[in-house]
Amino acid sequence: MTERLLIANRGEIAVRIARACRDLGISPVAVFSDADRASLHVRLADHAVRIGPAPARESYLLPEKLIDAAKRTGARLVHPGFGFLAENAAFARAVRDAGLVWVGPDPESIAAMGSKTESRARMKAAGVPIVPGMTTPAKDAAEIAAFGREHGFPLLLKASAGGGGKGMRIVRAEEEVPAAFARARSEAVSFFADDAVYCELYVEKSRHVEVQVLGDRTGRVVALGERECSLQRRHQKVLEECPSPVVSPELRARMEESAVAAARSVDYVSAGTVEFLLASDGRFFFLEMNTRIQVEHPVTEMVYGVDLVAEMIRIALGEPMSFDRRPEPRGHAVECRIYAEDPSNGFAPSPGTIHRLRWPQGPGIRVDSGVEEGDTIPLDYDPMVAKLVAFGSDRDEALRRMRRALRESRVEGIETSIPFFLALLDDPDVLSGNVSTQFLESWTYPGDPAPTDDAAELALVAAAVAAARESVAVRGAAQPRPPSAWRTARPTFGHRE
Amino acid sequence: MKYRAKIAGPSGERSVEVEVQLDPTGVVVSLDGRPSRWDVVPTPGGGFSVLRSDGRQAEAVPHPAGNGTVRVRVGAERVTLELLDELTARAQAVAGKGSFRGSGEVKAAIPGRVLRILASPGDSVVEGQPLVVLEAMKMENDVRAHRDGVVRSVEVAAGQAVGAGQVLLSLEPAV
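Protein sequences, first through last, are from chains A and B. Take 1 as the starting number for the first sequence in this note's numbering and just add one per residue. Take 1 as the starting number for the second sequence in this note's numbering and just add one per residue.
Since the hints were made in silico from the structure, they are not lab data. Just so we're clear, the structure is a prediction, and the values are computed from it rather than from any experiment. Here a beta-carbon is modelled for each residue, glycine too, at the ideal position from N, C-alpha and C. Some hints could be false.
[To be verified] Chain B stretches covered by chain A per the calculated footprint, using a threshold of three residues with CB under 8 Å from any CB of chain A:
{"#": "1", "segment": "11 to 22"}
{"#": "2", "segment": "44 to 52"}
{"#": "3", "segment": "56 to 69"}
{"#": "4", "segment": "86 to 92"}
{"#": "5", "segment": "118 to 124"}
{"#": "6", "segment": "143 to 151"}
{"#": "7", "segment": "164 to 174"}
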């Protein structure tokens with residue numbers, strides 16, 4: 001019987017997984033909420049199961065519905081995609097307990113990396129660099145000062161009971177420590193009724209660089225280079241690239257070695273991502289490990305010539321990864337996440353029906369999207385419409401192709417972040433790769449550029465002709481429309497109305 | 001057909017008189033009394049391939065945004081212009097711009113669900129004050145008063161789904 005795989009997700013990533021299934025000769029099974037009955041991921045599947053109403057907590061987040069859908073359709077494999085239940089160890093366990101195959105890491109690996117404290121402790125034991133920090137509250141200011149002398153300044157003082165940035169203070173030099181310690185303590189008391197304060201190294205102007213890893217059941221774990229993801233808005237990545245413009249081969253080798261050690265420390269199987277904070281002096285520190293496929297995985301696929309989703313499925317079926325020798329990187333890839341939002345209106349969400357859609361094509365372009373012309377972007381889920389990926393022999397060519405792809409795209413009916421990316425790719429710091437994770441906090445969308453006189457004239461003629469055609473159509477009955485060139489040129493066959 | 005257009009350019013906003021003549025062989029457009037022949041053909045999705053006599057071409061998609069405002073995508077650029085037919089333009093010029101034009105309706109700019117209503121009938125509100133919170137795509141969005149006034153009526157209830165352009169509440173001038 002044909003192998004079937006249930007895709008426990010929706011939208012773009014569900015379409016991506018369905019494609020990997022087809023490439024492997026596996027039949028994809030879709031699930032859908034009421035908002036997604038006619039969505040592309042359903043239309044591309046051989047079987048589809050309704051799992052509930054539109055809200056995700058009543059559909060895509062219900063493990064029992066998903067497992068039931070797999071059983072009803074005879075799907076043996078379950079791929080969670082990203083988001084929803086992708087990093088839910090209990091769901092992974094429930095899938096296995098139901099006698100199904102989980103396409104992802106073992107639940108124990110997910111759980112170990114899901115806990116901030118446990119993962120930090122494991123990384124320390126595995127020799128993976130973590131941001132230096134005190135493990136117990138400071139007894140006095142002198143202890144903070146000693147920490148600073150050992151690890152360097154600036155330091156970040158934090159309330160042990162804190163969160164959300166409250167009670168945090170940056171200390172730039174040793175002489176500032178006594179006053180800052182006193183202030184941090186009193187703030188900790190007033191915010192959290194607990195005066196415990198500790199400190200860690202504060203890494204300024206850091207970048208977000210992450211390493212792709214892949215492990216299989218033969219015990220093999222490989223790293224497939226890094227992705228640069230420093231351009232983030234509201235802690236959400238917007239543009240990613242592979243490789244990072246600042247990572248040297250020597251640094252890459254060290255980061256890959258750490259990433260493999262991190263994965264091995266939790267017996268990692270399947271595709272995963274080890275996120276690092278990269279300081280401007282070249283030091284890097286473990287942030288967290290994402291125990292799933294990442295949104296930005298296509299840039300790695302383009303540069304390393306692998307299909308990560310297909311590898312995940314092969315590995316879940318007990319096969320080794322498909323390559324003996326680790327593939328060598330070639331060229332450069334950039335990804336822009338196109339969202340249904342209006343950059344000239346404070347990035348307000350812009351759901352609605354796409355009545356005209358043209359994705360870019362041609363050399364070096366890949367589009368991963370979950371929608372087609374005529375589709376509606378529902379209100380209920382993440383507003384990502386597509387991922388545009390551009391590949392080139394080097395970074396410059398990849399960026400030029402990305403600009404071409406953005407300009408070639410036409411999405412009518414909703415607003416998208418395409419104008420934002422066109423402006424972003426005009427910024428000299430972005431073009432030279434001189435960015436940090438704080439870059440987009442201070443970079444504001446300059447607004448739609450003032451139209452050139454040329455564009456204004458063409459726009460005016462189009463608008464006026466559209467208005468004139470409409471009023472002709474409205475008055476059509478009273479004032480018959482003159483025969484168009486098309487009509488008169490057309491040969492007539494028999495009866496004509 | 002005659003129109004009056006206002007359009008922003010690199011040299012500020014300017015006013016243009018437009019006349020369009022559609023005939024079987026093409027389009028003649030006069031801009032400020034200077035006629036020229038254009039080749040304008042419809043493209044899928046309500047747009048046009050606009051070809052000027054000197055060979056300049058762009059795909060342009062006009063989106064009427066109400067009150068004569070038209071947003072046009074030209075290639076990757078966005079152009080906002082105001083286009084009024086001659087009669088409407090003349091009527092507006094005669095009426096002038098009052099201090100409380102329009103119906104005072106506060107509308108949803110985007111489709112969403114009403115999360116909270118922050119004003120009740122009889123409340124005095126000032127321009128920019130949040131009146132309704134809409135939830136769309138996992139985000140909360142404030143709908144604010146576009147002018148000072150007094151809330152006359154609230155047309156929606158919390159939890160209700162609303163479409164783009166739907167009236168949420170209406171304001172009247174303060175006495």
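Here's how the hints hold up against the structure:
1. 11 to 22: holds (count 5)
2. 44 to 52: Contact hint for the segment 44 to 52 of chain B vs chain A: holds, 7 residues under 8 Å.
3. 56 to 69: holds (count 7)
4. 86 to 92: Result for this restraint: violated, n = 0.
5. 118 to 124: violated (count 0)
6. 143 to 151: violated (count 0)
7. 164 to 174: As far as the segment 164 to 174 of chain B goes, the hint is violated, because 1 residues have Cβ atoms under 8 Å from chain A.
Hint compliance for this structure: hints 4, 5, 6 and 7 are broken, all remaining hints hold.
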